[in-house]
Amino acid sequence: MTDTAPPSSASPSSPSAPPAPAAGLRDFYENPAVPVASGDGRSRRQARLLADALEAPGQVIVDVGCGDGTAAATAAPILTGHRLIGVDWSQDALRRARPRMGSVVRGELEHGGLPLADGCADAVLFSEILEHLVDPDQALDELRRVLKPGGHLMLSTPNLAAWYNRALLLAGVQPVFSEVSLRGIHGRPGSEVVGHLRLYTARALRSFLTASGFDDVTITGAPFHGVPRPLRLLDRAACAVPGAASILLAHARRR
6 MTDTAPPSSA
16 SPSSPSAPPA
26 PAAGLRDFYE
36 NPAVPVASGD
46 GRSRRQARLL
56 ADALEAPGQV
66 IVDVGCGDGT
76 AAATAAPILT
86 GHRLIGVDWS
96 QDALRRARPR
106 MGSVVRGELE
116 HGGLPLADGC
126 ADAVLFSEIL
136 EHLVDPDQAL
146 DELRRVLKPG
156 GHLMLSTPNL
166 AAWYNRALLL
176 AGVQPVFSEV
186 SLRGIHGRPG
196 SEVVGHLRLY
206 TARALRSFLT
216 ASGFDDVTIT
226 GAPFHGVPRP
236 LRLLDRAACA
246 VPGAASILLA
256 HARRR
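Per the numbering used here, the sequence shown runs over residues 6 to 260.
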């Protein structure tokens with residue numbers, strides 16, 4: 006987070022908080038070596054979907070879990086005319102986001118809630134965060150709280166049922182994106198530990214969003230920047246079938 010003051014519409018909130026996650030998990034996410042960006046392709050697709058959905062200029066868009074601001078910098082030219090506010094709890098991520106975003110504020114989803122007023126946002130970007138959460142139910146409650154009625158939620162998360170994961174499971178191999186340890190990769194392709202705790206299929210994500218107070222849920226697909234180069238054309242083609250795509254992009258409206 007940065008020292009920039011929160012927007013004028015922001016005010017503290019204090020919903021009941023669950024027990025704090027283990028210190029080891031917090032330390033893991035504060036490690037500068039842990040990636041906080043997930044690829045420009047996903048960011049551009051998500052920004053275009055949101056730009057098409059917003060009805061007028063001057064909308065307030067809150068990027069919850071903005072990380073180092075890379076995704077916001079990629080999306081900004083597509084979302085010209087709207088006000089983008091970044092929120093994150095990692096001090097290191099906010100330090101890096103500061104030069105990339107015009108307005109940022111420190112806040113958490115699971116410990117006291119976001120430092121934003123009820124219904125202050127026209128849209129929320131929630132990119133590659135859901136899979137890292139101990140309590141995703143409370144997180145979606147908090148996102149719904151800060152959205153105006155009818156406001157837009159643009160969420161992205163890795164797909165447990167990605168086309169290659171289906172083949173890996175048939176072969177008895179741990180799916181890509183899943184992790185059994187914060188210290189190393191075991192039983193699956195790849196070498197980068199990023200702290201994934203939960204994974205969703207398109208069907209599960211749609212059901213979860215609907216149960217959490219969102220309507221008009223539309224799910225599309227996006228490619229994964231970590232797919233080996235010889236397979237990237239196939240990965241992009243899989244986006245035509247969201248249930249098999251690498252990344253799930255969900256657009257929903259607050260009920």
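These are computed hints drawn from the structure, not numbers from a lab. One should not assume that every hint holds.
Said to hold, decoys possible - Each computed SDA-like pair below joins lysine to any residue, with the alpha-carbon atoms no more than 25 Å apart:
hint	residue 1	residue 2
1	LYS153	ARG260
2	LYS153	TRP94
3	LYS153	ARG88
4	LYS153	ASP97
Results of checking the hints against the structure:
no.: 1; hint: LYS153 with ARG260; in the structure: 9 Å, holds
no.: 2; hint: LYS153 with TRP94; in the structure: 23 Å, holds
no.: 3; hint: LYS153 with ARG88; in the structure: 15 Å, holds
no.: 4; hint: LYS153 with ASP97; in the structure: 30 Å, violated
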